[in-house]
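Going left to right, the sequence shown walks through residues 1 to 195 as the numbering used here numbers them.
Quick caveat, the hints were computed from the structure, so don't treat them as lab data. These numbers come from a predicted model, not from an experiment. Ideal Cβ positions, reconstructed from N, Cα and C, are used throughout, including at glycine. Wrong hints could be hidden among the right ones.
[As the list claims (entries may be wrong)] Pairwise CB distance ranges, derived in the manner of DEER restraints:
| id | residue 1 | residue 2 | range |
| --- | --- | --- | --- |
| 1 | Met70 | Gln4 | 28 to 34 Å |
| 2 | Glu3 | Asp195 | 38 to 44 Å |
| 3 | Ser194 | Gln4 | 14 to 20 Å |
| 4 | Leu36 | Arg135 | 32 to 38 Å |
| 5 | Asp71 | Pro15 | 40 to 46 Å |
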Amino acid sequence: MNEQEIIRKLKQLLPEKRFRHTIGVAEAAQQMAERLNADTRKVRIAALLHDCSRYMTGEEMVVFLSSRSMDMDELSVVSGTSLLHASVSAVLAKEEYGIDDPDILSAVECHTLGKKDMNLMDKIIFVSDYIEPGRDFEGVEALRNLVITDLDQAVIQSVNSTVRHLLNENRLIHPKLLDIRNGILYEKTIKTISD
């Protein structure tokens with residue numbers, strides 16, 4: 001399925017606000033990809049599909065993943081669509097949109113919680129979801145500027161901001177978020193020591 005076909009299908013399936021968010025993520029991701037010499041076509045496809053399951057309920061997502069014998073951690077199930085949708089979207093990208101590129105599927109699957117050893121495309125989609133033009137929260141402009149100079153630090157700051165928000169809302173925090181933050185900080189520390 002080409003990009004225009006994906007956009008048409010998403011426009012039919014997603015609520016209007018989610019569709020606008022998706023287009024914003026694709027725009028932000030493309031700009032980052034161009035600056036960082038990433039494959040813009042693959043980045044745009046991943047960005048367009050990152051939320052392709054957001055028309056489903058949490059219960060539908062659990063049934064969907066269970067029917068494919070996919071592992072779901074208890075915290076993700078309890079959190080519902082906010083954490084499950086990334087895995088569901090990756091499966092839908094493959095099954096419904098014909099995507100078989102492992103880089104695209106990885107970026108879709110880890111755009112919410114990240115993963116250990118994220119590659120460039122993973123980081124671009126992760127941060128683009130957070131800073132797309134429709135986002136308006138304290139510190140978003142600083143993050144948009146930070147992306148230009150230090151993508152890893154932008155990932156860390158995105159996680160920090162998410163964790164602060166979850167703490168303020170007295171909500172559960174998935175340990176994977178802290179794992180990616182600590183992983184990047186660890187690598188930066190090792191690099192600093194060895195320089």
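- Task: Could you see if the CB distance from Met70 to Gln4 stays within 28 to 34 Å?
- Result: 30 Å, holds
- Using the C-beta atoms of Asp71 and Pro15, is the stated range 40 to 46 Å upheld? About 28 Å separates the Cβ atoms of Asp71 and Pro15, which means 40 to 46 Å is violated.
- Measuring from beta carbon to beta carbon, are Leu36 and Arg135 in 32 to 38 Å? 20 Å, violated
- Message: Taking 14 to 20 Å as the stated bounds, is the beta-carbon spacing between Ser194 and Gln4 within them?
- Response: The hinted range 14 to 20 Å is violated for Ser194 and Gln4, with Cβ atoms some 47 Å apart.
- Message: Tell me if the beta carbons of Glu3 and Asp195 are separated by a distance inside 38 to 44 Å.
- Response: Given range 38 to 44 Å: holds, Cβ gap about 41 Å.
When the structure is compared with the earlier hints, violations turn up for hints 3, 4, 5 and for no others.
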